[in-house]
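Visitor: Each chain, letter by letter, is given below.
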Amino acid sequence: MIAIVDYGCGNLFSLKSSLSFLGLDCKITGDADEIRSADKIILPGVGAFGDAVKKLHDSGLFELLQQCAKEGKYIFGICLGMQMLFEKSYEYGEHEGLGFIKGEICPFEGDIDAELKIPHMGWNKLNLKRADDPIFKYIEQGDYMYFVHSFYGKNCDDGVIADAEYGVSVPAVVKNNNVYGAQFHPEKSGEKGLALLKAFAEL
Amino acid sequence: MITHRIIPCLDVRNGRVVKGVNFEGIQDVASPVELARFYNESGADELVFYDITASFEGRGLFTDALKEVASEIFIPLTVGGGINTLDDFERVLGCGADKVSVNSGAIKDPTLIERGAKKYGDQCVVLSMDIKRVDGKFHLFSKGGRVDTGIDAIQWAVDGVNRGAGELVVNSIDTDGVKNGFDIEMLHEIQSRVSVPVIASGGAGKKEDFLELFNAGVADAGLAASIFHFKEVYIKDLKKYLNDNNIEMRV
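Line by line, the protein sequences give chains A and B.
When you line the first sequence up against numbering that gives the first Met the number 0, it's residues 0 to 202, in that order.
When you line the second sequence up against numbering that gives the first Met the number 0, it's residues 0 to 250, in that order.
The shape of chain A in the complex, shown without the other chains:
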């Protein structure tokens, strides 16, 4: 069973639907025991970093996720869920993340040409840096994914296994052993997005 972590952040309808569409056993849950006993964990999220991390703390799931990661359980963060895997974020203040991925989350503003719109929203091309990673089993160089975000990962070269170009190199897929994250929304990226979720389920 794949646990989709429910901590009150974001709309989980599409994510749940996409996993069900793939025939995968999944459950939206905020229950510590259920998350602990799941085979894999997906950490979704939309909204602001500070709020989301606070909600993880308030529900007692912050430490639980750290423990699960340490035990080797596969975790996949999506969008803000991916950003929370990082050490730190500078989104409206300074916030500590889960710390699985080295680096910090910073605003696009000031880092990219003023001509480029923020949020980085739309279909962008993946540049696979480690095409042989099992998460890319069904993904090819140059496949398009759907992004929506105003902040991005920085100083995280080691962990970036795919990036996208938007004035700067935008970490698109990150990894540290059993922990993965995608900045884009696989559940909104058509067939290719589904293929990535399928590959994660097969890890």
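The set of hints was computed from the structure by calculation and includes no laboratory data.
Treat the hints loosely; a few may be bogus.
[Unchecked claim] Below, a list of computed lysine-lysine pairs in the DSSO-like style, where the Cα atoms sit at most 27 Å apart: (1) A/Lys-191 to B/Lys-117; (2) B/Lys-239 to A/Lys-116; (3) A/Lys-197 to A/Lys-53; (4) B/Lys-235 to A/Lys-136; (5) B/Lys-117 to A/Lys-87; (6) B/Lys-66 to A/Lys-197.
This structure is a prediction, so every number in the text was calculated from the model and none was measured.
Once you have looked at the hints, place chain B on chain A.
Guide: Chain B only, in chain A's frame:
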């Protein structure tokens, strides 16, 4: 870099897509999920659903159809029509919508835009506008383009973005249905004053119209309905044509 987008628009009444009047002059309808499936396979980058139902029962059929689509089509879905309150946002987002399009509801109460943006994020709020030239000025129309509000549409667009709209749909009543190309002049007036994506609507009749639109640099996406519904233009062919003409597309 981000690609330009091609977006088919589906008007839904009582749970069925109203395609418009076909060549035999008959009002043609289709199943939302079947049409959505077809567009997804054709390479549509996003889908827009407008609920044109007036009745309460029809509204329920709409959300049922939306749920069905969102359970098997995994590309961004924008939903509009009858969005007047935050409860309406909640209702469609809970059925799998990613963005909510406001039009008349925002004219009645412009704070709807900022309240929606504050609760769900700017990227979630799409301000849709029906615009027509009146005495050489761009006027904002309400009620599906039937009523002249007298509001300066360009200023309305700028204010809307300041209130938190993350995207604009600019529908030109002047070019709508004419099939002779998008309203480049109107789009330019708006695009040059805002920093959010602009979706052009009204006037597409052939694939060259989309090339003209994107080459003019006045829109991030092109939206159309009947030319796609009646297969006058195939999205797959259109995207290949644009790609061949140096407009990056997801193909």
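Visitor: Could you run down the list of hints and mark each one as holding or not?
Guide: A quick look at each hint next to the structure:
In summary, the hint linking A/Lys-191 to B/Lys-117 is not supported, as the alpha carbons are separated by about 31 Å, beyond the 27 Å threshold. With a C-alpha separation of about 25 Å, the suggested pairing of B/Lys-239 with A/Lys-116 holds against the 27 Å cut-off. Of the pairs offered as hints, the one joining A/Lys-197 and A/Lys-53 is violated, with about 30 Å between alpha carbons and a cut-off of 27 Å exceeded. Under the criterion of a C-alpha separation no larger than 27 Å, the hint pairing B/Lys-235 with A/Lys-136 is consistent with the structure, at around 26 Å.
In summary, the hint linking B/Lys-117 to A/Lys-87 is supported, as the alpha carbons are separated by about 24 Å, within the 27 Å threshold. Restraint check for B/Lys-66 and A/Lys-197: satisfied, since their Cα atoms lie roughly 22 Å apart, inside the 27 Å limit.
The structure fails hints 1 and 3 (numbered hints given earlier, in ascending order).
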